[in-house]
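Start from the sequences, fold in the hints, and give me the full structure.
Okay, so the sequence shown: first residue is 6 according to my numbering, each after it adds one.
No false leads were mixed into what you were given.
FRET-style restraints, in silico, Cβ to Cβ:
(1) GLN167 with GLY73: 42 to 52 Å
(2) THR84 with GLY180: 44 to 54 Å
(3) GLY161 with GLU23: 33 to 43 Å
(4) GLU150 with ALA26: 51 to 61 Å
(5) GLU195 with ASP63: 42 to 52 Å
(6) GLY72 with ILE155: 42 to 52 Å
(7) GLU195 with GLY62: 43 to 53 Å
(8) LEU139 with ASN94: 42 to 52 Å
If you're looking for bench data, these hints aren't it; they were derived computationally from the structure.
A quick note: this is a predicted structure, and the numbers were derived from the prediction, not measured.
Don't be surprised by glycine CBs; every beta carbon is placed ideally from N, CA and C.
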Amino acid sequence: MSLERFIKDYEAGEIIFEEGAPGNEMYVVKEGEVSIETTIKTEGKSIIKNLGVLSPGDFFGEMAIIGGENRSARALARTRTQLVTLNKNRFYELIENSPEFAIKIVRKFSDRLNEANQRLRDYLALSKKSTILLALKELTESQEEAVISIDSICEGALLSQQELEPILAQLIQIGLVQLEESTVRISDREELSKLVSLLNLLESSQ
6 MSLERFIKDY
16 EAGEIIFEEG
26 APGNEMYVVK
36 EGEVSIETTI
46 KTEGKSIIKN
56 LGVLSPGDFF
66 GEMAIIGGEN
76 RSARALARTR
86 TQLVTLNKNR
96 FYELIENSPE
106 FAIKIVRKFS
116 DRLNEANQRL
126 RDYLALSKKS
136 TILLALKELT
146 ESQEEAVISI
156 DSICEGALLS
166 QQELEPILAQ
176 LIQIGLVQLE
186 ESTVRISDRE
196 ELSKLVSLLN
206 LLESSQ
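Put into structure tokens, the structure is as follows:
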């Protein structure tokens, strides 16, 4: 199948598609570079996060024709770019007639699954830290000395003491808290609040 007649040209800075938009085509980069971006909204602000840069031979947007999904991110031409556009019929025809392309698709889905699993592991670890820090912040807000028992932290964060210990050790190491027998003393409430905000931002970007 000749793909030359399916080529589209984009100028640098031109948007290929917007995040959330419906789509019925996927794209293969023939020339130039494409930036994949997403918008993260936190505390009333919108932050653009770059998810990656694609170069010749890379493809994107395939989930729109495989799963009928809306675009999960924005695609933007970083340079003057040529893209081969494939609708559903052309996509399956190319898979049928090009084993090399079919292997690339399988590898991409395998990579995507591995990345999703790693993101889930990272999110769960990050979520535990956020939960513990938020519990520390909320449970000590009304206290003058900011001292709280380990049992209260576990109860507030809905975590076991075994789950709490390694994160507590990190907080002690950076000087944010001090361990006093079976209680924890917060050394710097302002830094604790900053860290909670930072982890919430990181969590929302996962």
